[in-house]
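A.B. asks: Read off the chains here:
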Amino acid sequence: MAVAAISKYEFAPADTQDKFHGAQLLYIGWEDHLLFCAPFAFPFPPTMRFGDVVAGPMQAAFGYHPDFAQIDWAKAEWFKSGKPVTLDFDKSLAENGLNHKDVIRFRTPGLAGIKGSCS
Amino acid sequence: MDMQVAKKKLGLKERYAVMTRGLDWTPSYQKMEDIYPYIAYEGIKIHDWDKWEDPFRLTMDAYWKYQAEKERKLYAIIDAFNQNNGHLNVTDARYINTIKLFISGISPLEYVAHRGFAHAGRAFPGAGPRVACLMQSLDEIRHAQTQVHSISNYNKYYNGMHDFHHAHDRVWFLSVPKSFFDDAITAGPFEFMVSIGFSFEYVLTNLLFVPFVSGAAYNGDMGTMTFGFSAQSDEARHMTLGLEVIKFILEQDPANVPIVQRWIDKWTWRGYRVLTLVAMMMDYMLPKRTMSWKEAWEVYFEENGGALFKDLARYGIKMPKCAEQIALEKDHLSHQAWSTFYNYAAAANFHTWMPDEDEMAWLAAKYPASFDKHYRPRYEFWREQAAKGNRFYNKTLPMLCQTCQIPMIFTEPGDATKICYREVDYKGDKYHFCSDHCKEIFEHEPEKYVQAWLPVHQIYQGNCFPEGTDPTVEGFDPLAAVLQYYKLEHGRDNLDFDISEDKKNFAEWRGQATKNI
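From first to last, the protein sequence lines are chains A and B.
The first sequence: position 103 = 103 (full-length UniProt numbering), numbered continuously.
The second sequence: position 229 = 229 (full-length UniProt numbering), numbered continuously.
The set of hints was computed from the structure by calculation and includes no laboratory data.
Computed from a predicted model, the values in this text were never measured in an experiment.
Certain hints may be false.
Listed next, the in silico EDC-like pairs over lysine to aspartate or glutamate satisfying Cα-Cα at most 16 Å (straight line) [stated by the list, open to error]:
#1 B:K430 x A:D102
#2 A:K115 x B:D372
#3 A:K80 x B:D425
#4 A:K80 x B:E423
#5 A:K83 x B:E384
#6 B:K70 x B:E302
#7 A:K115 x B:E380
#8 B:K418 x A:E31
#9 A:K8 x B:E447
#10 B:K448 x A:E10
#11 A:K8 x B:E295
#12 A:K115 x B:E447
#13 B:K373 x A:D32
#14 B:K427 x A:E10
#15 B:K247 x B:E440
#16 B:K427 x A:D102
#17 B:K318 x B:E302
#18 A:K8 x B:E445
#19 A:K19 x B:D429
#20 B:K430 x A:D18
Looking at chain A on its own, in the form it has when it is part of the complex:
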């Protein structure tokens, strides 16, 4: 459906990639860890190595949780838009097929939050 309007209604979307000064948005959520109230939004250059995302910004964002230090990254399961995906830590975001405003989630088997409450 189109918006009801009195004349032509065309406006530029507010969040296209060209507005982020060379970065693209990536959203990251940690399953079963709702201590973090929502998934995070990050601006990263598409050339950034995925392993650096995990070791840097993700460590800074999720590191408060006692489970974070116990994560075995080899066992972590990744999802993109809800579907399982394999992400290579040595490849860049672009090489991993991660584009502007993609959302990824990770599940860490055996770790289910504070006292197993998914917090």
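Go by the hints and put chain B onto chain A.
C.D. replies: Below, chain B alone, put in the same frame as chain A:
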């Protein structure tokens, strides 16, 4: 020589007719569609504007007289409250954070409602709705003013309220109520009337004003309570207008029914998402609770709203389908919202805290199906950490819903352990949503919502720093720059209640009033 002729006094009914519809005329040299250009494009068909039944028999002269009398009384009470240091009689200083939420989140909406009703009134060719909209428009600006005046006394003593309007237009969570109203006033006049006049004022208003006003009464805040009661008679008129609008549109043409149904579905959901703030206020921010959010929803929506939609069934209008999801969320909404503000306490204009043991017991009793299982473990962890000097301040920005602009905090309907993710591809870009309902609203009018000013994305685009800021210099602290842009002072207006100046000052001032120190 002037002859003094005794004026014939008009009867109430005649006077009303003369002062409302009698003011209208039929244009002779301009076309109706040029004078009323916004009346057709939404697809609503009106055949006879005279069928409009005026919901309240009030003329402008009576309006002024009546409102002036009310406001004289209101300002006398506000003066007495201020002169007697009434702010020191509130239950405890945590309560004042509800005032901060109200002045920065709700009062600016009263002002926008004023503009919205003025615009809608101008757009309608019928004199009846035009006069009714004029009065509501005036009510709304009076409410904005009386709220600002009653709350200004708190601003003299407590933090976070000093530039509420500046905050309303910028602070991340305030984009939720702001964008809600912006969405309504940028719609056509009929959608505006259904969105604000009916869905908000009629269906949901009891969930906004009753909790704030009775919350004020329960917590010793005479000032807020008084403006609430003063607005009550206006609110009753607004509800009557909202209902009349719906009935009038539906009776005019059967083709209007599906359009109105879609608007009711949309605006009940949009309004409910804004009420997330009220839910957490009721369950967490009032030191003396009135009722739980869940109880309020059951009484004011499920019972009262249920009766309303039964009544509207004869027009072919059904209960909005989002009611099913809202029923599933009522055990979770306030807890998920409070957790969010606890997370982002460094970026808000009010303080948050962890409920104490008694309060947790109250929450567990009110929410037996959810609190102990899902939320208590989280809170106990945060409380332990805070006691160790490791209070959680989430410094990474959250992902937002494109429609309601709330962080993606809501869980799947029926599964409180999984965040609800929905997405849409539109013209080469991805858009994300907190729910099926926000997604459907977007899908119906994507051209509108792709323009959303999402605070998180705006920060990352570099649009939320004070002028002249260079985000490329070494050691640049984005949070500090964003707080400057919000005009909030770090360590004073934000962070935990326990370390706040508000808490310290309140204890000291109350001590001076009650002890010999």
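A.B. asks: Give a verdict on every hint.
C.D. replies: Going down the list of hints, with the structure as the test:
1. The straight-line distance between the Cα atoms of K430 (chain B) and D102 (chain A) is roughly 7 Å, inside the 16 Å bound, and the hint therefore holds.
2. A threshold of 16 Å between alpha carbons decides the hint, and for K115 (chain A) with D372 (chain B) the separation of about 12 Å falls inside it, so the pair holds.
3. A distance of roughly 14 Å separates the Cα atoms of K80 (chain A) and D425 (chain B); the hinted pair therefore holds under the 16 Å criterion.
4. For a cut-off of 16 Å, the pair hint linking K80 (chain A) to E423 (chain B) stands: about 11 Å separates their Cα positions.
5. Distance hint between K83 (chain A) and E384 (chain B) is unfulfilled; the C-alpha atoms sit about 36 Å from each other, more than 16 Å.
6. Of the supplied pair hints, the one linking K70 (chain B) and E302 (chain B) is violated, its CA atoms being roughly 33 Å apart against a limit of 16 Å.
7. Pair hint K115 (chain A) plus E380 (chain B) holds up; C-alpha atoms about 11 Å apart against a cutoff of 16 Å.
8. Restraint check for K418 (chain B) and E31 (chain A): satisfied, since their Cα atoms lie roughly 7 Å apart, inside the 16 Å limit.
9. Taking the CA atoms of K8 (chain A) and E447 (chain B), the gap is near 11 Å; set against the 16 Å cutoff, the hint holds.
10. Of the pairs offered as hints, the one joining K448 (chain B) and E10 (chain A) holds, with about 9 Å between alpha carbons and a cut-off of 16 Å not exceeded.
11. This hinted pair does not check out: K8 (chain A) and E295 (chain B) have alpha carbons roughly 46 Å apart, beyond 16 Å.
12. With a C-alpha separation of about 45 Å, the suggested pair K115 (chain A) and E447 (chain B) falls outside the 16 Å cut-off, and the hint is violated.
13. With a C-alpha separation of about 14 Å, the suggested pairing of K373 (chain B) with D32 (chain A) holds against the 16 Å cut-off.
14. Among the hinted pairs, K427 (chain B) with E10 (chain A) is consistent with the structure: their alpha-carbon atoms are about 12 Å apart, no more than 16 Å.
15. The suggested pairing of K247 (chain B) with E440 (chain B) is violated, with an alpha-carbon distance near 26 Å, which exceeds 16 Å.
16. Taking the CA atoms of K427 (chain B) and D102 (chain A), the gap is about 15 Å. The hint holds against a cut of 16 Å.
17. Among the hinted pairs, K318 (chain B) with E302 (chain B) is consistent with the structure: their alpha-carbon atoms are about 14 Å apart, no more than 16 Å.
18. Using a Cα cut-off of 16 Å, the hinted pair K8 (chain A) and E445 (chain B) holds, with the two alpha carbons roughly 14 Å apart.
19. Annotation: proposed proximity of K19 (chain A) to D429 (chain B) holds, straight-line Cα distance about 13 Å (limit 16 Å).
20. At roughly 14 Å between alpha-carbon atoms, K430 (chain B) and D18 (chain A) fall within 16 Å of each other, so this suggested pair holds.
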